[in-house]
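A.B. asks: Okay, here's what each chain looks like letter by letter:
Protein chains: 6
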Amino acid sequence: MAASPASLAGRFPSERFNAQNCRRSNASLICGKIPPRRNHAQRSRRLPKISRRSQRADLNEEILGCGHLGIKRFFALDHQAYEPGPLGTKTKELLGLVASAVLRCDDCITYHLVRCGEEGWKRDEVIDALNVALIVGGSITIPHVRRAFARMREIDGLKSS
Amino acid sequence: MAASPASLAGRFPSERFNAQNCRRSNASLICGKIPPRRNHAQRSRRLPKISRRSQRADLNEEILGCGHLGIKRFFALDHQAYEPGPLGTKTKELLGLVASAVLRCDDCITYHLVRCGEEGWKRDEVIDALNVALIVGGSITIPHVRRAFARMREIDGLKSS
Amino acid sequence: MAASPASLAGRFPSERFNAQNCRRSNASLICGKIPPRRNHAQRSRRLPKISRRSQRADLNEEILGCGHLGIKRFFALDHQAYEPGPLGTKTKELLGLVASAVLRCDDCITYHLVRCGEEGWKRDEVIDALNVALIVGGSITIPHVRRAFARMREIDGLKSS
Amino acid sequence: MAASPASLAGRFPSERFNAQNCRRSNASLICGKIPPRRNHAQRSRRLPKISRRSQRADLNEEILGCGHLGIKRFFALDHQAYEPGPLGTKTKELLGLVASAVLRCDDCITYHLVRCGEEGWKRDEVIDALNVALIVGGSITIPHVRRAFARMREIDGLKSS
Amino acid sequence: MAASPASLAGRFPSERFNAQNCRRSNASLICGKIPPRRNHAQRSRRLPKISRRSQRADLNEEILGCGHLGIKRFFALDHQAYEPGPLGTKTKELLGLVASAVLRCDDCITYHLVRCGEEGWKRDEVIDALNVALIVGGSITIPHVRRAFARMREIDGLKSS
Amino acid sequence: MAASPASLAGRFPSERFNAQNCRRSNASLICGKIPPRRNHAQRSRRLPKISRRSQRADLNEEILGCGHLGIKRFFALDHQAYEPGPLGTKTKELLGLVASAVLRCDDCITYHLVRCGEEGWKRDEVIDALNVALIVGGSITIPHVRRAFARMREIDGLKSS
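Residue numbers (the numbering used here), protein chains in the order written: chain A, 1 to 161; chain B, 1 to 161; chain C, 1 to 161; chain D, 1 to 161; chain E, 1 to 161; chain F, 1 to 161.
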């Protein structure tokens, strides 16, 4: 289910975000990031259940509402890093996935896997990117790669056919 | 509930610790550290339940009782690093919190959050320290910052008012 | 319970592995590695239950069967790194344990603890190696050392007597 | 010698910085950060020579002038993280030092050492903070602690008396 | 100057590499990797001088000739990870750059910057990728980003116009 | 040249060290550690020149003489971790080497390479250990492995024959 606008409203100052453009992605519920706007076709995809999602969304709201301007700005900057620029969002989400994998952060890997699926990367392309992470990061990343494969079972477009 | 002396007794050689000065902090049950002595006012605070606490205390006892002198000495040295010196304990616990956050160790973050609350740091001060960690460590620390906020819900003095 | 040949068959191309030489170690179920051949005495040891083991074996099969040659080759290379060479397997498993501990990967620590027990390292030797990791890696490794002690309770040869 | 306004002018949009408030700290030349305003007494301190400083300042100018808004904003956010808030700048520079030490970044350690000296931390207090980093981060941080001691020889207020 | 075949010959078993297809990239001299074949247009580009390059090539030869099959195979696997597959080489080199940046390895960053230039990425695209690394990895990556900018001054196609 | 007793005397409390048992290893000059006693045959080996060695020894003296008891104790504990225990010194130095390699600390790798040579490990055994580090730590360790090979050229017993 898509994030309800009510649960996201008020997270950001009104001059930057409004409830409507926050109604965008399930990925935002996982890793404290506000993903870019999706078109209708993307929005209609149904994401499989990711555990403890509502607790995370709740914590993100608490963090963004805690009154620390620096944290709020960093969350916004993190969001903007994946918006279209010289590189497109699709490419940058794959960069985010590999960065997360070599730094061995499961929550971050999950976030970027969901986003990569939404951006249209195919399963074999994502696996090829995970191989780069595996070679750069070594066998210490294997447990995270395994959990990435487990997550892909839940993500439309990245499931094994 | 405060750690019972019985559960902590025998963890250290008698020349260094006794049951009384180990009856000090709930934080010790979480991260294998022996926090400094607290005065009566601090002791009377009741810490909210932290999950799997007794299992951890049990493992700490097993480690300190395993007969390896080097490990026992390192645990003591780790404890002493936060005792008053040129810097006070309060300052050093905040340093420990930021170090734990940039190194992305949830158990260590929880330990130092509990200790920061005990030492009298306020919620907005702890959040300001977490912002330093977030900027130094980047978005890869976000899931840990989120879990830190979840922990603060359980810690007197760090709860959202 | 030992991995059944059926569950492992087909993970590798026939020129490299067959079902028989995959029927080797419980450790392979934990961390995506193919441990070396064990003799009968070793095979007859019964490993204590490690949680979520079958899910991990299932994911390893999925990864090795996903069709990416690079990943399959890296898994094989990782396996071969611990086979007898200028250094024996026993020594190399202890190196793997310390590397896993300073890099703070619980799944990897568990894998190498199981393998160290199988290779004949004694509990006090493994603890001495963990002390090296603790000194090199600092107090940030304490939660992982604690979980290593918890794991040793389940591993024959590494249990506290 | 303090950074000349000319070399720093134009790095930031006019609404945020001007040449005057950039004429502040030698530390800014080292790590790409814009340290907070210093009063006259602080400004009059003469910093010892830090090698390759002008090359670094030159690169910072190139980065901030490269036209990427996200990078410019992150540099500003990094700067703001150490400005007075619930915690004072003095405390936050010490947090930055310990974070840099456990993450083992020599350039970052140097930057925060210079800033800690400017903020009035004494040598024994800085050493006490480095001890926390040493215990948290382990012996792998020793070479960085050694280089921190070498740097302190060049920093007024942190020199051995 | 391109690596001379003589200096590279004999590094790999004949069934895998020959002198001709090793005469490919200056990047191979920096980080121990064998980059993919380049067409004539790419080969004719002249790379600026990178310091200590010949010493590195010399060490790579020593490593690949040391007789350890596992190391030789890992070097080959590392090379193959960037060859065309579901993802193209161009995309994978950018993934390698970001992975290197968040893991803060200057030599690896240099290698992938050279390769990104060879693959046709533009300066503003590479900077956009470095911004992702900066946001994911935090301010601790700033010194490495600065050195990346210094390196780009020497790399055709990535120089500031 | 071996460290002169005069330069080391007074670094530690008399009950723990004396000038004589500090006159032991060139490795101590590199990484702030006090290596174990060597027999005459080992002492008579002449180590090749390692750059900036005397500056490092000088800094170690400054750190140990700075008056911080915690730092002094940690240096001693680090030293003791490699003394004979359930595992011998020879084994533990190899563990230290692999831990240093996967954590990518060149100074620490150099220290343990020197010590491994002193303890009698052969070149091909050290290379086999470095291969474990390479597989565990991935291609990001390659520049460090390369520098390890460069160091071995200067260390008796580890030179290529």
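Do not take every clue at face value.
A pair holds if it fits inside one copy or across any two, identical chains being indistinguishable in the list.
Derived SDA-like pairs: lysine to any residue, alpha-carbon spacing no greater than 20 Å straight-line [unchecked claim]:
no. : residue 1 : residue 2
1   : Lys122    : Pro86
2   : Lys90     : Arg146
3   : Lys122    : Gly88
4   : Lys90     : Asp58
5   : Lys72     : Gly120
6   : Lys122    : Thr89
7   : Lys122    : Lys159
FYI, nobody ran anything at the bench for these hints, they're computed from the structure.
A.B. asks: Now look at each hint and say whether the structure bears it out.
C.D. replies: The hints, checked one at a time:
1. Lys122 / Pro86: between (22 Å within a copy, 9 Å between copies)
2. Lys90 / Arg146: Intra 23 Å, inter 26 Å, cutoff 20 Å: neither.
3. Lys122 / Gly88: Classified as both: same-chain Cα gap 16 Å, cross-chain 13 Å, threshold 20 Å.
4. Lys90 / Asp58: For Lys90 and Asp58, the Cα distance exceeds 20 Å both inside one copy (27 Å) and across copies (30 Å).
5. Lys72 / Gly120: neither (29 Å within a copy, 25 Å between copies)
6. Lys122 / Thr89: both (15 Å within a copy, 17 Å between copies)
7. Lys122 / Lys159: within (9 Å within a copy, 34 Å between copies)
Of the numbered hints given earlier, the model fails hints 2, 4, 5; all others are met.
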